[in-house]
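Participant: Spelled out from the first residue to the last, the chains are:
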Amino acid sequence: MTQSLLHQILDYANRADPYPIYEELRKTPVHHEEDGPYVVGTYYEIRSLLHDPRISSDARNLASTAGDPLAESAQEEETALPPGFLRLDPPEHDRLRRMTNRPFGPPHSPHRVDGMRGELHGIVSGLIDGLGDTGRIDLVEQFSYPFPVTVICRLLGVPRDDEARFHTWADAIAASLDPDPDADPAQGGKASHDARTQLGMYLAGLIEERRKNPGDDILSELATAKGQDGAMTTMELLSTAALLLIAGHETTVNLVTNGMLTLLRNPDVLQRLRSDPRLAVPIVEELLRFEPPVQLVPQRTTLADIEVRGVTIPKGASIWLVLASGNRDPERFEDPDRFDPDRRDIQHLGLGSGIHSCFGAPLARLEAQLALSELARRLENPRLLEDPPTYRQNAVLRGPRHLPIACDGIRP
Amino acid sequence: MNGDGSLERLRREGRIVVVGASLAGLRAAETLRDKGFAGSLTMIGDEPYEPYDRPPLSKQVLLGMAPADSTALPRRRAVDATWRLGVPATGLDMAARRVRLADGDEVPYDRLLIATGVRARPWPREAEAELDGVFVLRTREEGAALARRLADGPKRVFVIGAGFTGSEIASACRERGLSVTVAERGAAPLVGALGGVVGAVAADLQREHGVDLRCGVMVTSLEGDSSGRVRAAHLSDGSTVETDVVVVSLGATRNTEWLAGSGLGAGPRGIACDAGCRAFDIRGIVTDDIYVAGDVARSPHALFGYQFLSLEHWGNAVAQAEIAAHNMISESADRLPHMWVPAFWSSQFGVNIKSVGVPSLGTEIMVPQGTLASRRFIGVYGYQGRVIGAVAFDHARWLPFYQELVETTAPFPPPFPTVDRHPDGQRPMDADFPDPSVPTHGPTVTLSGYSPADRRMTFTPAH
Amino acid sequence: MVRLVVDLNRCQGYAQCAFLAPEVFVMHGEEGLLYNPEAEEAQREKLAQASAACPVQAILVDAMDAPAEAVSGER
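Which chain is which? The protein sequence lines are A, B and C, in order.
So the first sequence is numbered by our numbering: it starts at 1 and just counts up by one.
So the second sequence is numbered by our numbering: it starts at 1 and just counts up by one.
So the third sequence is numbered by our numbering: it starts at 1 and just counts up by one.
Just so you know, the hints here were simulated from the structure itself, not pulled from any lab data.
All values derive from a computational prediction rather than experimental measurement.
It is possible that part of the hints are untrue.
[As the list claims (entries may be wrong)] With the Cβ distance kept under 10 Å, some of the chain C side facing chain B (calculated, not the full set): (1) 26; (2) 28; (3) 30; (4) 43; (5) 44.
[What the hints assert, rightly or not] Here are some of the chain B residues that sit facing chain A, going by a computed Cβ distance under 8 Å: (6) 306; (7) 369; (8) 373; (9) 385; (10) 397; (11) 401; (12) 404.
[Claimed, not checked] Which chain B residues stay away from chain C? Per the calculated CB distances, all over 10 Å, these: (13) 14; (14) 53; (15) 66; (16) 75; (17) 130; (18) 131; (19) 138; (20) 139; (21) 148; (22) 283; (23) 308; (24) 343; (25) 350.
Just so you know, even glycine gets a beta-carbon here, dropped at the ideal spot from N, CA and C.
Just need the whole structure built from these sequences, with the hints factored in.
Facilitator: Right under this line is the structure:
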């Protein structure tokens, strides 16, 4: 029996190269299997739905969760921490995002991210210095994971020493976002629920501490700030902190790893980057198109019947927007399956669009640019030891679990 | 020019003259070169500056963030043109295909693009307009002069007209800590462009930021002191405002006087052209060698019942220039219609205002997202049962959706709920535009021609 | 000096430019953008970052080095 398209997208066997399946997906404007979500994979339709006020991000608007492999976990989440602003609609979403932005970006903190350039460089240098045996490096464990985690910890004011603890929780929570058809939903839900509860308790203690001894970190500012929008409640603060911490753990790692993997598969581009680090800027944008770390947005619900290219998606339906597929839509991008950092027209969907577009985007961009240009500059003759590498289970937050590489040495 | 090789000759060695060296003129020139025009290109401009951007003049420049002479437009590419700057065009001989210049020179053309734009409408009483301290704001020099005077710290700035420019000037002044009085003939700021419901929000915004806003009044005269400096403004309600700087912000006048007597269909409302940017002559016959783009053009729009729209919009200037340039060097079957959906922005009192479609055509408004009280909202305008425009106050990311509603002539009121859990409501109300027979200050869109028919059509924008 | 212009019809206030090149781009309120239309040469690299990062590709940075092309008067 042939697998349904939905199962193929989720099937781990296709993780290394989901793009042929997305090509199938784009042949119909809206893919729908009985009881399943409505899946959209074409660029213009995705972009337009991301700006459509009839599409809710709040799981409470789902008419029915039957058959939606993600719905279980969505409901489970409610019982631990309330949803972060990613899973809220306006005006609550807008208010929380605005307040979270206050210590992070302009207009109130315009120099926060820009001012981290030196610090980011220092972390990258330290990690590359410590790579050790160049005969076998696991780029994920030794570089792509610790880099953004260190950054998000400093930014939030979370002690790096506690990393082992919340690493486990973040993994369990991220796994719950994975619509794995073969996993036992009850078990996954319980693991995620427990993780959220424990993470919540951990963060609560930390916030208490920051209220007493505020530092120059985001958590301290969120815990003490009283701006135009007032203060966050403790529960809002907890779920916002959890959201940032998990997002900081589970996304940039994939952008960096996918980036190095793609560069090693395109040695001419890697060579160019080595001689001109400024090329990292267009390379990262093209990566966000070509191998986006968030492949799909599976958490949207229709508030009304919506027509998409002649297909009616009924009110209360679950919609999946497959960003990675839209990014390869030949109706939008010329020669979409080619990795081409010289592309002039690159309005990708890699970081989403609309009010829920990636909150940490500027930081992710800087991290990836710096990581890739420094790896290109310092690793001598780097090469892949496995291609394709072993991927993580997750179909939404897609990336290699390990990326074994070797090189001849490390330049100073 | 059909199939006899003459178009090829034009593209290879023809002479194209662009009158108007601002945004539209520059983008047209770049497009011509991009599309392979290899002949001679002459750019004629009355100001002695290469093309510069005007929107910053009422924002960054008045705030002191950037000097007035720093807004030269970046180039998309080299245009390899002959520039005749600081020399206004004074006449057009359509039969001989020549443009006359103020210095007596004549420039021959095979194709002419007119992009002479608009200028600020001056204070109508000449002697008062001459007073020291009375300003208008449109050009670089006007921007520099006003910015200099604001930097001197005047005791009070008096702005006549609360359209977009007037409101932005008032906003910049308040941000600099200057006392400001704004006098508006209509019932509220922005009322001509956005109606009374949104105008009331704009009025609150101004007052909250400390503007002394006077609506429903006219300025009857400006008074100078013995040394010729303005010292007060007298209003129709009998009041007097002492002031040392007056900014006249009464909209714009189209630069078409130089075409008087040429036989081209040019007048105070602009130059009429067809959807392909070709100018009409006074007999209503379309010319084939004269094109128009930007603020000076009036062109029929398919989405609005083929009414002739004059749009003083930055984006329109760019889009129309590109279409005009393309059409100037294309076979008739390859020409493109100018179908840009009207859109503009304004930044004032810390709020980002954006609009699509033509709100001023609307009779009703509803607020499907956000609230008027929070100054964060979407307002949708309806006309005869269809969505005709929308405005966003700090809600720009939703606007593309409403633009699609305008483009697809979607029904009004929109029959669906939105993600916003507490919007002002799904119920339409009177948009409260002023009686069109009562002139207001400087609407952004002016309409003429027949009313839009309530017909459905499908507009497919180029992606 | 580097000239630039932002198509504010396209701009949706994602603020990527203001994060990455805060000396040139400033958020004015939550969503409005002000920028220095003539940036210092030293900002060129950050400008490239900002314009590449713009989700709606609204930032145009001068494609030419020399405004020398604009010569007044002469034919």
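Participant: Each hint should be assessed against the structure and marked as holding or not.
Facilitator: Checked hints:
no.: 1; hint: 26; result: holds, 8 Å
no.: 2; hint: 28; result: holds, 6 Å
no.: 3; hint: 30; result: holds, 5 Å
no.: 4; hint: 43; result: violated, 13 Å
no.: 5; hint: 44; result: violated, 12 Å
no.: 6; hint: 306; result: violated, 27 Å
no.: 7; hint: 369; result: holds, 6 Å
no.: 8; hint: 373; result: violated, 12 Å
no.: 9; hint: 385; result: violated, 19 Å
no.: 10; hint: 397; result: holds, 5 Å
no.: 11; hint: 401; result: holds, 5 Å
no.: 12; hint: 404; result: holds, 7 Å
no.: 13; hint: 14; result: holds, 17 Å
no.: 14; hint: 53; result: violated, 5 Å
no.: 15; hint: 66; result: violated, 5 Å
no.: 16; hint: 75; result: violated, 5 Å
no.: 17; hint: 130; result: holds, 29 Å
no.: 18; hint: 131; result: holds, 31 Å
no.: 19; hint: 138; result: holds, 17 Å
no.: 20; hint: 139; result: holds, 16 Å
no.: 21; hint: 148; result: holds, 18 Å
no.: 22; hint: 283; result: holds, 34 Å
no.: 23; hint: 308; result: holds, 22 Å
no.: 24; hint: 343; result: violated, 5 Å
no.: 25; hint: 350; result: violated, 3 Å
Comparing the model with each earlier hint shows violations of hints 4, 5, 6, 8, 9, 14, 15, 16, 24, 25; every other hint is respected.
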